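So you can see what is in the structure, the chains are spelled out below.
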Amino acid sequence: MKQKFHSFFFILWPRFFRELSEHIIPYLTFNNYPRIWVRGILILVSTSLIPLFVMTGIYYQLIEKSIDNALILRTERVASNTRRAVSFFFEERLAALKFMVNDRDYKDLINPTQLSEILKNLKLGFGGLTDLSVIDYNGTQLTYAGPYNLEGKDYSQQNWFLECQKRNAYVSEVFSGYRGVPHIVVAVKHTRPDGNFFIIRATLETERLFNAVTSYKSGTYADIFMINHDGVVQSPSKYYEKKTRRISIEVPEYSSRTKALLTKDRKGIPVIVSYAFINTSITPTPFILIVVKEKEGVSVMKIWLGLKTNFNLFLAISAMVIVLIMSLTATSLINKIYFADRSKAEAMLSAEQKGQLASIGQLAAGVAHEINNPLALINETAGYIKDLFVIKSQYQDDPELIEQIDVILDAVERCGAITRQLLGFARQLDVESRSLNLKVMMTNLLSFFQKEAEYRNISILLDVEDGTPSIETDRKKLQQILLNLINNAFQAMDKDGNLSIKIGIVGTDMVRISIEDSGCGIEEHHLNKIFDPFFTTKQEGKGTGLGLSITFGLVKKLHGNISVNSKVGEGTTFVITLPINFKKEEKHENSTG
Amino acid sequence: MKILLVDDEKKFASMLAKRLELRGIKVDYFFEATNAIQEVENGKKYDVAILDVKMPGMGGIELRRKLSRMDSDLKFIFLTGHGSNVDYKTGVSEASYYLPKPLKINDLIETLYLVAPEKTT
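Order-wise, the sequence lines are chains P and C.
Per the working numbering, numbering of the first sequence is gapless, rising by one per residue and ending at 593.
Per the working numbering, numbering of the second sequence is gapless, rising by one per residue and ending at 121.
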């Protein structure tokens, strides 16, 4: 199992994390594969996931919006029905009192026996009535029918009396009476023919009202209750009865119509609140009806939430599958690019090594030719001395003999010089970085081309500007670069050419080497391609097309630049600029990069 | 037998000439092709021309073309220090003899006899 997991992970984990040999890195086209990989995955994953999530989000919002609308409508309907019932409750009782004051004579009403009779009849008709009293315009209670006789009590300064006087009718808030039973007072004012008024007042038990209100309640997550205009709860409530008895929802602004809104309660639970100010046709009441529904308690919402959970699960699984597939795709794509890049880099690396060998081989052939000439001379001179011994017998006391021996020694010296040069060149190949004098190096290099130049009548001009400093660089690479370029120049030229090499300083920290030939030149449309790998204008099999590409790579490795200027038939100039201190440049690069 | 020797290696040319003369062969030697042409133009007659292939200015191959135009009887032997195939092939294709440097004096003598047998006596 563990093995399986490992091999699975192996597919996801790109090759370039596992095998990236140091020596190949400079030849790769892209040098930061991990970054390309991460970026590739991010782009692929985000382009596929973002639309999915955005669409899902929009879809969710649409569904939830329509569910909300349906819930608001439904809650509003409940509130509206309940309001009608409550209004009707008060209207009925106020109408009964009004009927009574119009129907009965004032004398009957202030007669306690008659009033008790009326109370009895009202109790039979409506029930839930505690007492009935008549109060004159002074606020003095004239008659009382009920369990507590408060005859003669002065109500003139009480709020309800003043209110009733002003509005002709009155409905009180819920209050606890003497027995701790909640009551509501309703009162109606009547003006007698003599101009004086009196008020008839009834105390109602709240049970019937509360029953009427709660009968509209549906479902466990719903609450219907009444509050007064100060927000104090007036009727039994499931959630808002206890503690402060104040609802956490703000007291809504007055509205003659039923209203509904979406909000959150004190606990942060999303709720739909519908409210209605309860007014009767006779007088306004202090009650506001509140219907509260917890969103999650509604069955449509429940179905949706269940669906949403499934959707989300499906979405999560899809997202995971997408991420996995996109990661695999990105990994395999970038692996393929990496493989292609790596094989290109390997080809370049091996070509560079072969190129090096080829030019050393070329050098050796040249050297052999150079050595053969002095050897031929030694041969002839020694042969002549032998001839003197064999053919002529007058060898003793002959000054010519000494002269010939000098010739031999001279020729041997020439051979020695050539081998020293070759050895020196080979030894230099091993040195990584050392201060080197460009003039000396260039002279050494050119000595290998001297004979070739003589034979083809090519004039070589080396011009080193005064004050050109020694440079600190990789000698092996620079030699390879210059050899390649001089070789190219020689190949481009026929007989009677000119090779002009100029070395000078650029700014304070760079040197400039220009190699100008009077050869066949490069066609303009080839100029931007000559540094590309495998580009060649030579015949099939004659060139690999890697020479200049390798040269370009080497110059870059020395933190230099190479440029080319050419005209067909007139010649070509390659210009290299190199930092005077390659190491310093490298350090600088490390610190900034 | 009269020999024309052209080689830019001055010591070599003079030494080879001395050795051939020790063997009874008359040699005129030059270090530049133009001088040799001058000499032939002036009416000098040679049996065999020994030419170095690679020389600054005019090389052996070109010199041969010019000399044979002036004297169609002239035979040629090429010398070269470059042991490469290119030169060998050039030598053969020009229907001439080719000898590598450093050369053995006896090989040269043999080749001379081979090239111009009628002049050996």
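Hints were generated in silico from the structure; no laboratory data involved.
Among the clues, some could well be false.
Said to hold, decoys possible - Below, in silico cross-link-like pairs of lysine to aspartate or glutamate (EDC-like), each with a Cα-Cα straight-line distance of 20 Å or less:
1. C:Lys18 <-> P:Asp463
2. P:Lys495 <-> C:Glu32
3. C:Lys10 <-> P:Asp406
4. C:Lys11 <-> P:Glu403
5. P:Lys451 <-> C:Glu21
6. C:Lys10 <-> P:Asp68
7. P:Lys386 <-> C:Glu21
8. C:Lys11 <-> P:Glu400
Please read these numbers as outputs of a predicted model, since none were measured by experiment.
*Given hint aspartate 68 of chain P paired with lysine 10 of chain C - CA-CA distance at most 20 Å*: Between lysine 10 of chain C and aspartate 68 of chain P the Cα gap is close to 113 Å, so the pair fails against 20 Å, i.e. violated.
_For a C-alpha distance cap of 20 Å, please report whether lysine 495 of chain P and glutamate 32 of chain C respect it._
holds (17 Å)
*Assess, step by step, whether the Cα of lysine 11 of chain C is no farther than 20 Å from the Cα of glutamate 403 of chain P, and give holds or violated.*
holds (12 Å)
*When you check the alpha-carbon spacing of lysine 18 of chain C and aspartate 463 of chain P, does it fall within 20 Å?*
Measuring from Cα to Cα gives roughly 43 Å; hence the hint is violated.
*Pairwise hint evaluation, aspartate 406 of chain P against lysine 10 of chain C, where the allowed Cα distance is 20 Å at most*: holds (15 Å)
*Keeping to a limit of 20 Å between CA atoms, is the pair of lysine 451 of chain P and glutamate 21 of chain C held or broken?*
Violated - the C-alpha atoms of glutamate 21 of chain C and lysine 451 of chain P are around 30 Å apart, more than 20 Å.
*Quick one, are lysine 386 of chain P and glutamate 21 of chain C close enough, alpha carbons at most 20 Å?*
With a Cα-Cα distance of about 14 Å, the restraint between lysine 386 of chain P and glutamate 21 of chain C holds, given a limit of 20 Å.
*Does the alpha-carbon distance linking lysine 11 of chain C and glutamate 400 of chain P stay inside the 20 Å limit?*
Holds: lysine 11 of chain C and glutamate 400 of chain P sit about 14 Å apart, inside 20 Å.
Hints 1, 5 and 6 from the list above are not met by this structure, while the remaining hints are.
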